[in-house]
Amino acid sequence: MSDPLEDFIRENRASFDRDYPPLNHEKRFEERLTNPKLHSQKSDEQDSNRGYTRLKKVIYTAAAAVVVFGAVFIYQNYNLVPVQEKLVGDQTMYLEELSSEMAQVEDYYKRTILTRKEELQNMPGAEDYILKSYFSELDELELAYEDLSKNLARNYSDERIINAMIENYRDRIEVLEALTKQLQTLNE
Amino acid sequence: MLNTRLIALLLALAPLTLIAQELKKEFNRSFATTSETQLMISNSFGEIQMESVDGNEIKIEAVIKVEGNSEKAVKEAIEKMNIVFLEEANRVMVRTENKCNCGNKIKEFSIDYKVQVPSGITVSLRNSFGDVYVQGHDGPVKLDVEHGDFKIKNLSHEENFVKLSFGDGQASDINRMEIRVQHSYFNAENVEELSAYIQFSDVELENITSLYRELRIQHSDVSIDVSGSEWGKMMMDFDFSDVDMNVSSSARMRMEVESSFGDVSAPSAMNVQKKENGFNSDYYRVSMNGESAPISQVSISHSDLSFSIR
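Residue numbers (the numbering used here), protein chains in the order written: chain A, 1 to 188; chain B, 1 to 310.
One chain only, chain A, in its complex shape (with noise of 0.2 Å):
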């Protein structure tokens, strides 16, 4: 029984041939029947391919191992890390100077605690001796944040530190917050 597939190549033989074998190539192909030597010859010369390729893919990996572990080393001892050496001694370092996110929360607690401020300096009942009372803690709230921006100075990744400053933060509007509830319950 003939293949379908077979018969139809061999029916259109003529658009199959496209291309055509190099010049001589019958020659050379029975000279490598006859000579066995030439043979081996190209195996060999096979052979020291592959083993170069194999050489030049160590060479690549090890070259890789170098980079990775360099890179690591660099990192660990020369602490790459874009944040600038203090001089210390009351030298203060803010938090605004940490990360441009912790900037962002500096300016944040910074322009609240202004605006409120502002706003309870024009309330109804906002006496000096009322607002002292609580702006002066403020003041030493601010003390408190100046000690602390010491201690970050020299120890700048500290979590303890950074908490701290945060907490003083809202220490501080906390204070505002128990002064609008004054004034308001003055004003009621």
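Keep in mind the hints are simulated off the structure, nothing from the lab. Keep in mind the model is a prediction, meaning the values are calculated, not measured. The beta-carbon is built from N, C-alpha and C at its ideal position, and this holds for glycine as well. Where hints are given, some of them may not hold.
Sample of chain B residues lacking proximity to chain A, with all beta carbon distances greater than 12 Å (derived) [stated by the list, open to error]: (1) N101; (2) K105; (3) Q135; (4) K153; (5) G167; (6) Q170; (7) Q182; (8) Q199; (9) D221; (10) R252; (11) A269; (12) N277; (13) S296.
Label-pair restraints from in silico Cβ distances [claimed, not checked]: (14) N122/A - S268/B: 36 to 46 Å; (15) E87/B - A62/A: 43 to 53 Å; (16) K72/B - E101/A: 38 to 48 Å; (17) K72/B - E96/A: 28 to 38 Å; (18) E101/A - E76/B: 24 to 34 Å; (19) A62/A - D168/B: 53 to 63 Å; (20) N271/B - N163/A: 43 to 53 Å.
Based on the hints, put chain B in the right spot on chain A.
For chain B alone, kept in the frame of chain A given last:
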């Protein structure tokens, strides 16, 4: 293909080399004591745990621990941290010295103390950025805690002083105690005698047998539950605060209250006489169970004092 796999494996393993380096420095010291001995510890960035034991010896175990990504930085940091022990006459002074300007070269560090002391000696502990625990001591205890919490229990001496700023404090089963609290939450229960100065804080005082000397409360919310019957003569000053005072039904007390922009409210079991003293200024006489009790002077400004019977 092979080298791609190897490179991927190396990249995956690379973070392992970033595993934190940790170094510790340990101190173990002991000191002979007499009944006059005073122990003072001043520390930052760590815990102090103190317990009382029998015997005549102070034992201090302290550990400085530094963690970071670089062994070099960790070594440099730990070399700059030290604990200084000094014995002088009747005093044993222990101080944490931290000369490390570590910047961001280390990840974290702590300096923790475990202290055993003979039960009767005087102890003074100062700590910031860390917690303090003191349990079962018969000698005077002085505590100053900043940016940290504390827990004290079973202090039987008559002279205990506690200062707390920017933290949480808890005290129970204390004989006599003076407290100074600011920007904190403080809770005390089962205290025989208490004197307090509280600013910008929330404070709950439960089962206080009696108050002594002074009770100054500014910009705070305070509830005080006084279980004892005998009230001594004392000074109370409340500014911009809400004070709830729960007193025993058998309390013998008398108070003269001067109030400016303030209110005093009390249940009918208490005798309250009010006299207007001018614009938003009132004078109150508060008494309960007898007119012979010592008179306490109370000043109220922009505050509410509310009594209830327990």
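These are the hints, each one checked on the structure:
Not every C-beta of chain A lies more than 12 Å from that of N101/B, the closest at about 4 Å, which undercuts listing it as non-interface. Residue placement check: K105/B does not keep its beta carbon more than 12 Å from all beta carbons of chain A (closest about 6 Å). Once the 12 Å rule is applied to beta carbons, Q135/B is consistent with being away from chain A; the minimum gap is 24 Å. Chain A leaves K153/B outside its interface by the beta-carbon criterion, the shortest separation being 25 Å against a cut-off of 12 Å.
A beta-carbon of chain A is positioned within 12 Å of the beta-carbon of G167/B; the least distance is around 10 Å. Interface exclusion of Q170/B from chain A stands, the closest Cβ pair being 19 Å apart, more than 12 Å. The non-interface label for Q182/B is inconsistent with chain A: the shortest C-beta to C-beta separation is roughly 9 Å, within 12 Å. For Q199/B, the requirement that its beta carbon stay farther than 12 Å from each beta carbon of chain A is not met, with the minimum near 8 Å.
Annotated as non-interface, D221/B brings its C-beta within 12 Å of a C-beta of chain A; the closest such distance is 10 Å. The beta carbon of R252/B is kept farther than 12 Å from every beta carbon of chain A, the shortest such distance being approximately 34 Å. The Cβ of A269/B lies farther than 12 Å from every Cβ of chain A, with a closest approach of about 28 Å, so its non-interface assignment holds. For N277/B, the shortest C-beta to C-beta distance to chain A comes to about 18 Å, beyond the 12 Å cut-off, and the non-interface label holds.
Against the 12 Å criterion, S296/B stays outside the reach of chain A, whose nearest CB is about 24 Å from its own CB. A hinted range of 36 to 46 Å for the beta carbons of N122/A and S268/B is consistent with their spacing of about 43 Å. The beta-carbon spacing between E87/B and A62/A, approximately 59 Å, falls outside the hinted interval of 43 to 53 Å. With their beta carbons about 29 Å apart, K72/B and E101/A fall outside the hinted range of 38 to 48 Å.
For K72/B paired with E96/A, a C-beta distance near 30 Å keeps the hint of 28 to 38 Å intact. Take E101/A and E76/B: their Cβ atoms lie about 29 Å apart, and the range 24 to 34 Å holds. Between A62/A and D168/B the beta carbon distance is about 56 Å. The supplied range of 53 to 63 Å therefore holds. In this structure, N271/B and N163/A meet the distance hint of 43 to 53 Å, their C-beta atoms being roughly 49 Å apart.
When held up to the earlier numbered hints, the structure conflicts with 1, 2, 5, 7, 8, 9, 15 and 16 and fits the remainder.
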